[in-house]
Amino acid sequence: MQQHETPVLQNKKVGLDVYRMELFAPDVAAQARPGQFLHVSVHTKGRGSDCYDPLLRRPLSVHGVDVKRGAVALLYRVVGRGTALLARVKEGELLDVLGPLGRGFSLPPAGSRVVLVAGGMGVAPLYFLAEELLRFGHEVHFLAGARRLEELYLLGDLLALEEKRPSFKPSFATDDGSYGFCGPVTGLLEVLLAAVKVDRAYACGPRQMLREAAGVLARFGVPGEVSLEERMGCGVGACLSCACRVREAGGFSYRRVCADGPVFAAESVDWEDR
Amino acid sequence: MQQHETPVLQNKKVGLDVYRMELFAPDVAAQARPGQFLHVSVHTKGRGSDCYDPLLRRPLSVHGVDVKRGAVALLYRVVGRGTALLARVKEGELLDVLGPLGRGFSLPPAGSRVVLVAGGMGVAPLYFLAEELLRFGHEVHFLAGARRLEELYLLGDLLALEEKRPSFKPSFATDDGSYGFCGPVTGLLEVLLAAVKVDRAYACGPRQMLREAAGVLARFGVPGEVSLEERMGCGVGACLSCACRVREAGGFSYRRVCADGPVFAAESVDWEDR
Amino acid sequence: MAKPSLSVEIAGIKMKNPVAAASGTFGFGLEYAPFVDLNRLGAVFVKGITRYPQPGNPPPRLVETPAGVLNAIGLQNPGVEKFVQEILPALRPYDLPVIVNIAGTTVDDYAFVAASLDGLPGVAGLEINISCPNVRHGGMAFGVDPASAALVVGAVREVTGLPLIVKLTPNVTDIVAVAGAVMEAGADALSMINTLLGMSIDVRRRRPALANITGGLSGPAIRPVAVRAVWEVYRALKVPIVGMGGIATAQDALEFIMAGATAVAVGTANLFNPRATVEVIEGLERFLVEEGIGDIRELIGVAHGERGAR
Amino acid sequence: MAKPSLSVEIAGIKMKNPVAAASGTFGFGLEYAPFVDLNRLGAVFVKGITRYPQPGNPPPRLVETPAGVLNAIGLQNPGVEKFVQEILPALRPYDLPVIVNIAGTTVDDYAFVAASLDGLPGVAGLEINISCPNVRHGGMAFGVDPASAALVVGAVREVTGLPLIVKLTPNVTDIVAVAGAVMEAGADALSMINTLLGMSIDVRRRRPALANITGGLSGPAIRPVAVRAVWEVYRALKVPIVGMGGIATAQDALEFIMAGATAVAVGTANLFNPRATVEVIEGLERFLVEEGIGDIRELIGVAHGERGAR
Ligand SMILES: Cc1cc2nc3c(=O)[nH]c(=O)nc-3n(C[C@H](O)[C@H](O)[C@H](O)COP(=O)(O)OP(=O)(O)OC[C@H]3O[C@@H](n4cnc5c(N)ncnc54)[C@H](O)[C@@H]3O)c2cc1C
Ligand SMILES: Cc1cc2nc3c(=O)[nH]c(=O)nc-3n(C[C@H](O)[C@H](O)[C@H](O)COP(=O)(O)OP(=O)(O)OC[C@H]3O[C@@H](n4cnc5c(N)ncnc54)[C@H](O)[C@@H]3O)c2cc1C
Ligand SMILES: Cc1cc2nc3c(=O)[nH]c(=O)nc-3n(C[C@H](O)[C@H](O)[C@H](O)COP(=O)(O)O)c2cc1C
Ligand SMILES: Cc1cc2nc3c(=O)[nH]c(=O)nc-3n(C[C@H](O)[C@H](O)[C@H](O)COP(=O)(O)O)c2cc1C
Ligand code: FES
Ligand code: FES
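Chains as they are written, first to last, in my numbering: chain B, 1 to 274; chain Z, 1 to 274; chain W, 1 to 310; chain R, 1 to 310.
The hints are simulated quantities; they were obtained by calculation from the structure and are not laboratory data.
Be a bit skeptical, because a hint or two may be false.
Computed list of lysine to any residue pairs in SDA-like fashion (alpha-carbon distance at most 20 Å, straight line) [as the list claims (entries may be wrong)]:
id	chain 1	residue 1	chain 2	residue 2
1	Z	K13	B	A249
2	Z	K12	Z	K90
3	B	K90	Z	G70
4	B	K90	Z	K164
5	B	K45	Z	K164
6	Z	K90	B	A87
7	B	K45	Z	G137
8	B	K45	Z	K90
9	W	K238	R	D109
10	R	K238	W	I213
11	Z	K164	Z	P206
12	R	K82	B	A87
13	Z	K45	B	A249
14	Z	K45	B	R88
15	R	K82	R	E64
16	R	K238	W	K238
17	B	K45	R	G283
Here are some chain W residues pointing at chain Z (derived, C-beta under 8 Å) [said to hold, decoys possible]:
id	residue
18	Y52
19	G56
20	P66
21	G219
22	P220
Negatives, chain W to chain Z, calculated, CB over 12 Å [claimed, not checked]:
id	residue
23	E9
24	G29
25	R40
26	E64
27	E81
28	T106
29	G122
30	A124
31	M183
32	D188
33	L271
34	R286
35	H304
36	G305
Note that the Cβ used here is the ideal one computed from N, Cα and C, for glycine as well.
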């Protein structure tokens, strides 16, 4: 992990309030593993850029890498001031990023059948993970859920990937039934687990969804990993701001989402920590 | 005076750290008088623009107007964070400005011979004043001073104006003698006043220069007006932040640079106020 | 849904909505008339008024800091006599409660100003600024000591029937103690917070940036300190509070209201956004509609939980 | 011109330059080793250490505010025993004074931790965090009362020969009084300021944004308050001070030094800029060269004027 001043290659609106940004960062592209993130300054570099509001960097998952071009992709939704500032960044401007940070997903033994469960923006890191898993020859079931069709962010990309890779099997859920399964993506997970034997699961999305997913996985006895979010200060493990509670022999302890996570074993997370 | 959301027509580097910005603001263009200023937000409008650092607007003199095009020009030097942010603004973005604010220069009786004394960025409002004075048929001596040739900001424009208008007589002073008179612009003022009878003087520039100019004018008995700078809060006369001390019968009182000024009678200013 | 109700009452002063302009940042109101319809405001706290005219401090009086400003205006004002004769009449045409902020350096000064304003048409109430230096007691502010603070308030209470709002300074170890003392002494409500004591140094000149050396810090930077002060005092005393300190948006105002403020005041935000007061009012109304709340008073103190569960 | 001298000494601790990392914002230093050469720092104040391991507060522990952050970490730390066994040795390879920040909720706790660290190789000094709640006295922080503060410092002084730096809280009416009391009680130097007490409310949830309700405000937002505290204490007592509170650049550090600080610490700025400490050091050096100053110590307190005229 390091600090990089990266030129922005592209910053394009790709959906409802969602942007895809590509940074030129060969070191990051070479090192980043799925589930890791970058800690991104939302103020572009240059004279007059030493702005203290908003003050903190924003954590964004690595969404993809192109090692040959030295490019790293981020996929983010504008939800507040920081991401709104990012959305205004133009090609050629410089962004200061730290990373790759955190512990990513652990890869399964060869020839596994896995399921990826994405809620909302959870697709950002899981798409990267899917690519990686396919590269190693695993069978990948990808469940993507959202409130409605418009919020199924990578729908096109996922369907395209299905065309290309027979071992990639996406399915979709929307709360309002506007596309795919009508209901939560965890419902889709139950359907899948009831039908086929899955070796391992990976989930990323809103906390409530992760919690439910962890419950389903426990019931079916499928080991899984979840990627958590928490408000971050440093992003590098120093300030202890990003605590999440994990179960331990004889109690619990607080772990740092930035350095001990963001990926944790689904069964270790103490969902009652707030 | 009002609040306007103005599209930026142009924002161009025109000299060493100096930019010329043109705003589309027909009301301002129609109303603004030389010596008045705009109070400019340095954060462009848009999602993510509610930034509190830097917090305050920046006062910038009206440098020119084009009533037909509804355009207002500003000329500013990048000296800190606020002006650095302004320099990054792009054509088409929206800036929030208040104005025109303050009391401008008072025009002389018909057929006057006047002298304008500009130090550094003081040329910004005085160029506008010169245009206005010429329009009314006055004889205008324009003395522009700077540390060195590179900082004689409107040199080209002033020389061009001289070509066009016989009643416009510019001369220049540089501290290092790299162009024109070698020495302070107030030296040039002394030379001029010793040579010709002048009815009225107008000065804008660094405080020390204004102070010296006021001294010279007093010695020669020429009435004059100076445009002062002070750090501003509101810009509209409410917060009393922008005090400058003026002499009064029986003492002194603090006046508001933003509302009672920025233009004051040269002899009224109490230069000892700090 | 019907239009939600925004009106509140504090210290007996009826406000159309809970949003006032804070003292010293809005002049006498008239300076902002070109930018906002003054009739829309809940109230205006005018610039601090003293017994005698005050010239104010030498410049520089203001310096910008991260998300804030430091000011040392020095209570420049025309004195109570001129205020009554010239300014008050000019405010009469507006349908707007005018709360006069009063200041002094002796208890007598405060009482004199309060008495001069008692019973005057157009004065809705007084805000007592107890952050001024107590000249009789070594220059420490009246407001940092519960006993001195109570002394001022008691003296003012004796000479006026006007609603009294006492403005607390955050530069104390225990704001609840001061709050309790001034309520005992006859305050009808509290306003909080005044500025935090701060300073800035001009490193090129190697001198304090303000001529006055220290100044008062205000603006968004101090909002967390202000919300905490309102929270603590409301929790301990459940008294009516006008909350202020860094309010620039409706969200900010809601933080204060949910912490326990009945009304709020917008201060420094007026400087960078002359329409801040009106934008806060509009934002509050929008929030109530979005959340399906019929009356803003339902939100007062809800973050404490007792009434918050819904 | 010769390279200017940046080295200073505080409380007997020799620093290569006046720039340290502030407690709690830099972990145990090791977390930042990928970003800065730890050997370049003047010193590091490590995360607060207590007698027993502390789990810390539930999340959320951090919320962003204008130009600042509120934190309520809750002193999460492995306890002094594990610190001595595991962390201290890992710091030995660096040429870097390690100052251990100690905390507790009883006077005994402080003394225990101090005694456990006394005489250990690799501990350059102690920073006593007296902003912790005094459980014996109703939970008010030790540091808000001169007598309680002195009690803690006296007890620590008895059990250790290590240099003692006492860290003052700004949440007091009179910081000079606390400063005087702890110097009397045996402190070698003061560090200031700790965080301002603040809070923030999540208006959608209608609840405090931090699980702990209140938190400590830090970052650029509080710099004016911190500079003022250093100024006041230096003016009154002329004692050695480590200044902190919102330092992100060399300019900021110079404000503190000119106000009277011998050394400074960079806190929250590490979070948004991991290279902040080193950038401040480089900026100080540049400033000295530009201004033709041979020794940074010439600038200590110059803004007070006595030594400032040159
Ligand atoms: C490890 C990690 C990876 C992430 N990856 C992505 C990604 O790939 N794409 C993406 O769109 N988002 C991702 N996020 C979430 C993203 O960091 C937040 O959306 C962003 O920081 C919000 O910043 P803002 O200034 O726009 O919003 P703010 O104005 O700061 O806040 C808006 C809302 O978002 C919440 N929020 C703010 N910061 C966080 C945070 N760190 N974690 C959780 N909630 C937060 C706030 O509580 C508030 O409700 C990730 C978060 C983490 C911790
Ligand atoms: C009525 C008026 C008209 C002006 N017209 C022009 C103009 O036409 N063109 C132009 O380039 N500049 C003009 N100025 C000066 C301009 O406002 C400042 O240069 C600008 O505000 C600096 O902002 P900043 O954020 O870049 O610098 P900052 O980082 O805020 O400060 C940099 C330096 O500028 C000084 N400074 C900041 N604000 C002011 C101020 N309001 N007055 C004086 N000094 C200040 C600071 O003390 C500091 O030394 C005018 C000022 C006034 C009061
Ligand atoms: C320029 C300025 C002048 C002020 N003058 C007064 C005053 O005369 N009397 C007073 O009680 N408070 C005064 N205040 C304090 C404000 O009313 C308010 O309490 C404080 O600024 C915090 O609110 P804010 O952060 O919204 O500005 C002044 C503040 C500023 C910025
Ligand atoms: C996340 C965080 C954790 C902190 N932990 C401690 C601590 O353990 N002990 C302590 O004395 N101060 C602690 N502080 C206070 C800082 O050391 C410093 O005094 C304060 O933040 C002001 O400096 P700053 O504005 O540069 O951060 C902490 C501050 C932050 C932001
Ligand atoms: S964000 Fe600082 S430890 Fe995780
Ligand atoms: S800037 Fe507010 S009165 Fe002039």
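Hint by hint, work out which the structure violates, then give me just those numbers in ascending order. 1, 3, 4, 5, 7, 9, 11, 12, 13, 15, 16, 18, 24, 26, 33
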